[in-house]
Structures are given as C-alpha cells and as structure tokens.
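Participant: Listed here are the chains, written in short residue letters.
There are 4 protein chains.
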Amino acid sequence: MISEGDYVLIMLDPRRTWLVRVEKDKTLHTHKGVLNLGELIGRNFGCKIMSSTGAEFFALKPLIRDFVMKSKRITQIIYPKDLGLIVFLSGIGPGSRVVEAGTGSGALTMVLAHYVRPDGHVYSYDVREDVQKVALENLKRAGLSDFVTLKLKDITEGIDERDVDAVILDMATPWEVVPHAYESLKPSGVFISFSPTIEQVKKTVSALRKHKFLEITTVETLMRNIIVEEDRTRPETRMIAHTGYITFARKYTEV
Amino acid sequence: MISEGDYVLIMLDPRRTWLVRVEKDKTLHTHKGVLNLGELIGRNFGCKIMSSTGAEFFALKPLIRDFVMKSKRITQIIYPKDLGLIVFLSGIGPGSRVVEAGTGSGALTMVLAHYVRPDGHVYSYDVREDVQKVALENLKRAGLSDFVTLKLKDITEGIDERDVDAVILDMATPWEVVPHAYESLKPSGVFISFSPTIEQVKKTVSALRKHKFLEITTVETLMRNIIVEEDRTRPETRMIAHTGYITFARKYTEV
Amino acid sequence: MISEGDYVLIMLDPRRTWLVRVEKDKTLHTHKGVLNLGELIGRNFGCKIMSSTGAEFFALKPLIRDFVMKSKRITQIIYPKDLGLIVFLSGIGPGSRVVEAGTGSGALTMVLAHYVRPDGHVYSYDVREDVQKVALENLKRAGLSDFVTLKLKDITEGIDERDVDAVILDMATPWEVVPHAYESLKPSGVFISFSPTIEQVKKTVSALRKHKFLEITTVETLMRNIIVEEDRTRPETRMIAHTGYITFARKYTEV
Amino acid sequence: MISEGDYVLIMLDPRRTWLVRVEKDKTLHTHKGVLNLGELIGRNFGCKIMSSTGAEFFALKPLIRDFVMKSKRITQIIYPKDLGLIVFLSGIGPGSRVVEAGTGSGALTMVLAHYVRPDGHVYSYDVREDVQKVALENLKRAGLSDFVTLKLKDITEGIDERDVDAVILDMATPWEVVPHAYESLKPSGVFISFSPTIEQVKKTVSALRKHKFLEITTVETLMRNIIVEEDRTRPETRMIAHTGYITFARKYTEV
Numbered sequence: 001m002i003s004e005g006d007y008v009l010i011m012l013d014p015r016r017t018w019l020v021r022v023e024k025d026k027t028l029h030t031h032k033g034v035l036n037l038g039e040l041i042g043r044n045f046g047c048k049i050m051s052s053t054g055a056e057f058f059a060l061k062p063l064i065r066d067f068v069m070k071s072k073r074i075t076q077i078i079y080p081k082d083l084g085l086i087v088f089l090s091g092i093g094p095g096s097r098v099v100e101a102g103t104g105s106g107a108l109t110m111v112l113a114h115y116v117r118p119d120g121h122v123y124s125y126d127v128r129e130d131v132q133k134v135a136l137e138n139l140k141r142a143g144l145s146d147f148v149t150l151k152l153k154d155i156t157e158g159i160d161e162r163d164v165d166a167v168i169l170d171m172a173t174p175w176e177v178v179p180h181a182y183e184s185l186k187p188s189g190v191f192i193s194f195s196p197t198i199e200q201v202k203k204t205v206s207a208l209r210k211h212k213f214l215e216i217t218t219v220e221t222l223m224r225n226i227i228v229e230e231d232r233t234r235p236e237t238r239m240i241a242h243t244g245y246i247t248f249a250r251k252y253t254e255v
Numbered sequence: 001m002i003s004e005g006d007y008v009l010i011m012l013d014p015r016r017t018w019l020v021r022v023e024k025d026k027t028l029h030t031h032k033g034v035l036n037l038g039e040l041i042g043r044n045f046g047c048k049i050m051s052s053t054g055a056e057f058f059a060l061k062p063l064i065r066d067f068v069m070k071s072k073r074i075t076q077i078i079y080p081k082d083l084g085l086i087v088f089l090s091g092i093g094p095g096s097r098v099v100e101a102g103t104g105s106g107a108l109t110m111v112l113a114h115y116v117r118p119d120g121h122v123y124s125y126d127v128r129e130d131v132q133k134v135a136l137e138n139l140k141r142a143g144l145s146d147f148v149t150l151k152l153k154d155i156t157e158g159i160d161e162r163d164v165d166a167v168i169l170d171m172a173t174p175w176e177v178v179p180h181a182y183e184s185l186k187p188s189g190v191f192i193s194f195s196p197t198i199e200q201v202k203k204t205v206s207a208l209r210k211h212k213f214l215e216i217t218t219v220e221t222l223m224r225n226i227i228v229e230e231d232r233t234r235p236e237t238r239m240i241a242h243t244g245y246i247t248f249a250r251k252y253t254e255v
Numbered sequence: 001m002i003s004e005g006d007y008v009l010i011m012l013d014p015r016r017t018w019l020v021r022v023e024k025d026k027t028l029h030t031h032k033g034v035l036n037l038g039e040l041i042g043r044n045f046g047c048k049i050m051s052s053t054g055a056e057f058f059a060l061k062p063l064i065r066d067f068v069m070k071s072k073r074i075t076q077i078i079y080p081k082d083l084g085l086i087v088f089l090s091g092i093g094p095g096s097r098v099v100e101a102g103t104g105s106g107a108l109t110m111v112l113a114h115y116v117r118p119d120g121h122v123y124s125y126d127v128r129e130d131v132q133k134v135a136l137e138n139l140k141r142a143g144l145s146d147f148v149t150l151k152l153k154d155i156t157e158g159i160d161e162r163d164v165d166a167v168i169l170d171m172a173t174p175w176e177v178v179p180h181a182y183e184s185l186k187p188s189g190v191f192i193s194f195s196p197t198i199e200q201v202k203k204t205v206s207a208l209r210k211h212k213f214l215e216i217t218t219v220e221t222l223m224r225n226i227i228v229e230e231d232r233t234r235p236e237t238r239m240i241a242h243t244g245y246i247t248f249a250r251k252y253t254e255v
Numbered sequence: 001m002i003s004e005g006d007y008v009l010i011m012l013d014p015r016r017t018w019l020v021r022v023e024k025d026k027t028l029h030t031h032k033g034v035l036n037l038g039e040l041i042g043r044n045f046g047c048k049i050m051s052s053t054g055a056e057f058f059a060l061k062p063l064i065r066d067f068v069m070k071s072k073r074i075t076q077i078i079y080p081k082d083l084g085l086i087v088f089l090s091g092i093g094p095g096s097r098v099v100e101a102g103t104g105s106g107a108l109t110m111v112l113a114h115y116v117r118p119d120g121h122v123y124s125y126d127v128r129e130d131v132q133k134v135a136l137e138n139l140k141r142a143g144l145s146d147f148v149t150l151k152l153k154d155i156t157e158g159i160d161e162r163d164v165d166a167v168i169l170d171m172a173t174p175w176e177v178v179p180h181a182y183e184s185l186k187p188s189g190v191f192i193s194f195s196p197t198i199e200q201v202k203k204t205v206s207a208l209r210k211h212k213f214l215e216i217t218t219v220e221t222l223m224r225n226i227i228v229e230e231d232r233t234r235p236e237t238r239m240i241a242h243t244g245y246i247t248f249a250r251k252y253t254e255v
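Protein chains in written order, with our numbering: chain A, 1 to 255; chain B, 1 to 255; chain C, 1 to 255; chain D, 1 to 255.
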C-alpha cells in the first residue's frame, strides 16, 4: 500500500519514468498531462493512474535499480550490468562491512548498502564535499543512509577501517589505494576496482601483484537489449560498447 | 579464524581449486601432493598451506560465488555474469520473499538465499526429487538451507505463495508459469526468466503481454576475460558466447 | 595525380568528409570555409588543401569503402564489417558472376562489382525503379557501372542467369528466392543472405534445408572502435550492436 | 567439371573436411571409409561421392576461404572475420599492388593475391625461409603463386617497392615498419596492421602519429555462430573472443 512520504516510480513507458515522493497535494507535470500524486495514497504499488489529459501512467514501487538510475548525478554512474557483477564477485551480503571510494553520486554506495543491510555497513570515501552531499540525498531517498558512513577523506592517504570484507573502488587512481586496501581487508577479503581505461587496469594489476593478492582477474561485460516481436525479433541496433573493466583480487596472508 | 567444520576454498591457482570442509584428521589429495586440512584449524582464512611435496596452496574463505561454482551439479548452472544481473534486476535484498523454479542444482537458489537473509525467504519448486536432494546438500554446505523451502511440486500447475517480491525462473517452459506468477506476485512485483533459446523468450514475452505486466524487456550479457601483462595485454582468445537471455517484467494492477 | 573529373574524398577529420568530383571552377562550401576544387588538378591524391578561412583539408583517393559510405541512400546500407565478411565468405573474386537482390542504393552492388572486375559481372535485381536509378548513379560515380546489369524484376519470381558463382541477397523475404537460387547457381555455388531479424533467418534456413544446400551456417559480427591514447586506451562507449545475420550455404548436386 | 589435378574440398560435414588434389588412382582414407578420388574426374563440383563404407561425402569447389582454412600452417593464421574486413578496409581490388609482412603460412598472402588478380601483385616479406616455403606451397595449391613475390627480407630494414596501394602487416613489431610503409605507399595509400595485443596497437598508433598518416583508427571484431533450429535457436555456447586489433591509416602528403 502506498503511504504519504513513499517514493514511487511513475512510468509512462520504460523510457519515460519519474521517481517522486508521494505527498497529499503534490502534482507531477508531464508532457502527457498532470498527475495528482495525492490520489495514490492508500492504493497499491503497481496501480494505474490517469493524468489530467487521460494518459495512463503506473505507480511502481522503486527497485534498487530505479534508485540507481534515477539518482541525482554529478558524476558518471556505473551501469546495472556492472553493478550486479561487482556485487556478486565481491561476495558481500547481509552483514558485510565494505569500504568504497569514491562516493561519487552514491549510486554504487546505494547498491552496496542495499545488500549489506541490516547489520552490515558501507564506509564511503570521497574528497569532494559537493558529491557527498548529493550522495547523501540519494541515499536518504532510497532509505539507505543508516547503513553508510560518508567519509570526506582522501582514500589514497589511508583507510581507517580494519578487517573489512571488501574494498570496492571506482576512482581515477585505484592503484594508489592497493597498499591501503591490503591493510584494511581481513585475510581472504576481496578487492574490486572498476576502471574505464586499460592503463588504469594495468597499473592496478601491477600494484596488486606487488602485494599479497591472488586470483587477480580482469573482466569486461557487454549487455545487449533484444527486441522481441512476433515477426521481427532482433538485438537492438545500438548498445553501450564499453563502460569499464572490473578487476578482482583476494588478499592472502602468510600466517 | 578457521574452525573445525568450516568450508575453505583451497586454491593452487585460479583454475585449480577445491571446496572442502576442514576436519581434524582430514587430508586433501592433489596432483601436487597431500594437504593436511587439520592444520588449518585456528589459522586465518587466506593463509598459505604447503602440501607434502612442498607446493604452495591457499585456504580462502569461500564467497557465494565459490559455493555456486563448486556446487555439486546435475543440471547446467547459471554463470556469474547472469546471476549478478538477475539478482540486481530483480530488486531483491535482505527481507525479500522470492519464488524460484526449477531448483536444479540449487546454484541460483543459493544466490537468492544469500541476498534475502536474514529475514527473507526463497520458495524453490522442482519436480525432480533427485535434483532437490543435491540442491539441499549444496545449500547446507553454504549455510543457507534455513532460508529456503524446497517444494517438490510442478510450478506450471500453480504457486502456493502470495504477495511475493519476485518470481525467478530458470526452466524449460517459463511461459506456462506466467499466469501463476501474476497471481503470486504482489503488485509491482518482478518476474524474471532465464532461457537459452530465442523461442522460449518469444513465448514467455507473448505470455507476459497477455497478462498485466509492463516494462517487459529482454537482455543478454557477454563477459570477456582480459589478460593483463606488462607487454601483452589482450582479451582471452576464447569466451562463453551465449548462456541465456534474461527477460524481466513488473506486475501492474488496475486498482 | 588528380585529374579533372576524378572523385576525391575531402576530409577535415574522419567524421567530416565529402565525396566530390573535381572540376575546374567548382567550389565546396563547408562550415570551415570554401575550398577551390580546381586547384587540386595536377596535385597528388592525399594532398593538403586549405580553405578560404585557412582550415586544413585533405583530398584523398576514394576507396571502395568511401564510395559505399558516401553513396546516395534511399535504403539502409550494409556496414563495412558485414560487407567484408559477405564478400570473403562468398568466395567471389575477379571473374566471378554474381546475382544480387535487392539492388537498394547499390552499396553492396558496388562492392561486388569492385571485386569481380575486370571479367566478372553482377546481375542486380530490384522491383523499385527509383532505387535502381540511385544505384546507377552511385555505381557510375565509383566507375563500376560497366560491371553491373541492373534488372528491374522481382527476383522472387525467378532468376534469368544460370551457372552463377554466387547469389547474394539483402531483401525482406530471402526464403522465397531459395528455389530460384538453386536453379541459378552452378554446382558448388554459394548462397548468402543478410537479414536483420531472426525470423527471416529461420525461414531462410528452413528453405535451404528443403533444397540441396549444405554447410548451412549463420553468423553475426560485432565491431568495436578502440580509442587509442597514451594514457586512456579503451573501447568507444557506444557501438552498433546489431546490423544483421549472415546466412551462408553451398549448393550440392547428386550427379 | 572436375578435372585431374583440380583441388576439391571433400566434406563429410562442416567440421570434417579435406582439401585434396584429384588424381586418377588416388584415394582418401577417412574414419568413414575410403574415397576413390579418381571417380570424381568428369563430374560436377558439388557432387556427392560415397565412401567404401557407404558414407556420403561431397566434393566442393574450394573457395578462397577453404584454401585459407586448410592451408598448411606453421604460424597462427588470421580468421575469416578479420580477413574480410582487412581486405575491405584496405580498398584493394583487381590491379592493386600490395606489400605484406610477415608472410607466415601465407594465408593472408593468398587472400590478397586472390583479390588483386589478374593485374595486381603482392610483395610478401618474411625473414624465415621455412615459412615462405610453406607459404609458397599454399599459394601454388590455390593457383595464386603467379601474383605473389615472396621476399626473404627483414621488412623492418626497408621496403623495396614504391607507390604501392597498401601496406598490410601481421607481425610482432609493426611500429618499426611505419616509416618504411610511409616511403613505400603512394600518396593516399592505406596502412593496415593486425596485432593481438593492445601494447602493439599503442606503439603502432604512436608511430603513425609521428608520420604523415591520417584517419588512424583501430577496431576489433567479434563473430558469433548462430544455431538455427525450429525450436531452439540460439548463439553457440562458445566463440573466439579475441583474435587481434585492426589498425588502419592513410598516408597524406603536403604537396
């Protein structure tokens, strides 16, 4: 049931969606007419709602993916195809403690927080106060700010936390963080870095090899949308050809 | 710290790994000598262990991915690239209630259970008793059996649960489950199907269009391994070119 | 040496090019100033030419690829990645006799003509007079019209030529041409069809299986552009994800 | 019609083929029985031939692709997906003069020779006498040796030919050839290099930028086989994920 204060994803079609907070006297203005959001209160998520011009919209319960795709952005965000794989490879789950940098718009932060709930925690480093402000807003909207500590600190100068399950990086110079990640990770902990260029990957892998990391592997993923029609099924003409490389490693220890 | 009864992932190199239970007098025989697993008790996860012939192995804490890749299999399992995306698109997380079919070897079941802990639950349908027996074994090994109810039932004849967050299918005839999924899902809930062939996708999409589902989309992912070497960086020569298509939809409701 | 009447590819940069005929008093107007094309006469292909505003352009000798990419289009054209593979798989070369349909804008026609020169020939079928007019213009510009016979005929009603080396189709209903292709091809000749949708492929493959064709295979290709920079090498963000499937087969005979 | 001395591609199925010369009393021994090749004389290419055990084979006219795939190899050969694109991008055709290095097993040499016939020529450099011997054999088998001059010379020390249409490289250090390629190419001529690693690409692109080359571009291609069946159409499970990068450039000139 939709309550006042809930966020809903208003959908006209998959390409035209709005993530809005439901309030009694609030309206949403679209090119297909005005929606009276207040009338959603007490109805089901997933319900149909008509605009002032009679266009049909739907009020969906936002998924973590919707919070990500609709986050306020002042930095590039990581795509679903990469987010899903990063989380899965990292091994994190409910209860995990994770260090992340940079916070950026908080898209990855949100996703990590979503999965470590209710007992885990995300420590997210960034040197830019403005981006952390946006990230906090995005986290609050998704109801995930309690599971995150935003740290206005330069992670290349050190990580405060110890015995964390994973260090996950999406930043310009991940290789500078490798020694700190080693100190911060618990033995057998996971290092993951997401980088757009091959030079970043090479420097990061080289740094990992100089420390006690094993199973150092780099992958890239591609995702294609398939148009499914009775008589003209085919992949979409265009796709995102490259987002970034994911580098994975695990910490080992002599003792 | 490794305790008796813990599972460890013994790694010689990324391609030669063993998932074993640590017991006092247990040994692991490899082509590089014998490991005395008992000597791991009290040591750190991630520690080095030498075989009888002096070869170096590591005893890692298994990640959910390791439990998946090392699961006993009597059916084809879904690959990490797909598992990560299925979980992410489904929107599930701690607390979610999920219906799954077929159980198969329980690889996807394990993954879903991992993420819905500690308050969520997975209801997994399969008509084959033998596969559910194997799945149970795999779930127990991963410490996840408490979060799963294995149901020896034909999901094409109906789903018992109501108001679930997601219905996730990896089976031969997903289109036959679409009407039941609609009944079982809570409004705004997510339907996901994973199918290797385009004909399965077409039939499933066609069934979804006949029911109240929206944002019906189909994607496929490709993952390439990158070999990173100082002077010969390049994608690996071979890759998995196709596993399956992921079809996603959300339930809507008139009221 | 550039002579009057030659075509040159004027290039400002790889994304801003013009295919023009050199004439004594002709000018080319661009957003970077006016070029006096007459001054190219007597100079080398590949030479630099300055515009009225001092911008640097180059006057390249057009390659077959340039004639294709710069052809006047009233239909979708096949991409280089597919053209190269179609020609290679077809086995054609100097001296080959090829049947093609539909003519469309003549892009594929041009390419086939380019490779069968000087003794081979291309018979190109289309039912639309307007497209053949454009195709003829494109072929003349590339100096290839002598190697092509444009036939204003419906190829689904039959092929006039016999003992041809290859039948190459880029049209909506290739499966309707399969019986005619069999009649037209010399024994061991090659059938190739390029189709955007999987349903077209299925119908064509099914038709091929009903006739005496073997080695029936279907492929698709993907091409990524790589950005090569000293410190930020990476695939381009976007790419063409799908153009069409290429289906190949060879005719066999009992006797 | 098959004559004595002709090469035929004997095909049991697409994965089991033999490229053999037809001689009166010659036999081909396979695991499905013995074929009497002499009985092919006077029959059609593409005809059926039965083995001693009654298995059905076909005697196809070899395409240039068959000569490539069946060439005797002592080096890695370039795949069809790359060969087709290299030829197309290079702009060569009947009459072109091309410099190539290294000769290797002559697969690319063969392909280039096939397309420059009857008036063009390929100059192929290699420092290894043994590979050129094999290449010559392969070229003779394909009837293409007249269109090729094999040069036992180190191309990194210079190219003898002038005013060639294209320089096409498949060798370990293509960047060392860039200055010589510039001297050898006619203005507006095409440079192409095929390299498996990103470091080779970076060095080559860097060398091209130091000389008068423009439109310097690098691409990679992927090819997937599609299994087309009435009710289980899907891409093949495995594919070649990487062969090499193709770098293209054109020579310009100040005058």
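Don't read these hints as lab results, they were simulated from the structure. Be aware that a few hints might be false.
No copy is singled out in the list; a pair is fine if it fits within one copy or between any two copies.
In the EDC-like style, the derived pairs of lysine to aspartate or glutamate whose C-alpha atoms are separated by at most 16 Å in a straight line are [what the hints assert, rightly or not]:
no.: 1; residue 1: K48; residue 2: E215
no.: 2; residue 1: K70; residue 2: E236
no.: 3; residue 1: K70; residue 2: E4
no.: 4; residue 1: K212; residue 2: D13
no.: 5; residue 1: K203; residue 2: D231
no.: 6; residue 1: K70; residue 2: D13
Participant: Each hint: holds or not?
Facilitator: Consistency of the hints with the structure:
For a Cα distance limit of 16 Å, the shortest separation of K48 from E215 across copies, 14 Å, qualifies, whereas the shortest one inside one copy, 49 Å, does not. In the homo-oligomer, the alpha carbons of K70 and E236 never lie at most 16 Å apart, since the shortest distance is 23 Å inside one protomer and 24 Å across protomers. Taking the shortest alpha-carbon separations for K70 and E4, neither the intra-copy value of 20 Å nor the inter-copy value of 47 Å comes in at or below 16 Å. In this homomeric assembly, K212 and D13 come within 16 Å of each other (Cα to Cα) only across copies, at 14 Å, whereas the closest approach inside a single copy is 49 Å.
Proximity of K203 and D231 under a CA criterion of 16 Å is satisfied inter-copy only: 11 Å between copies versus 48 Å inside one chain copy. Within a single copy, K70 and D13 get their C-alpha atoms as close as 15 Å, which meets the 16 Å cut-off; across copies the closest is 37 Å, which misses it.
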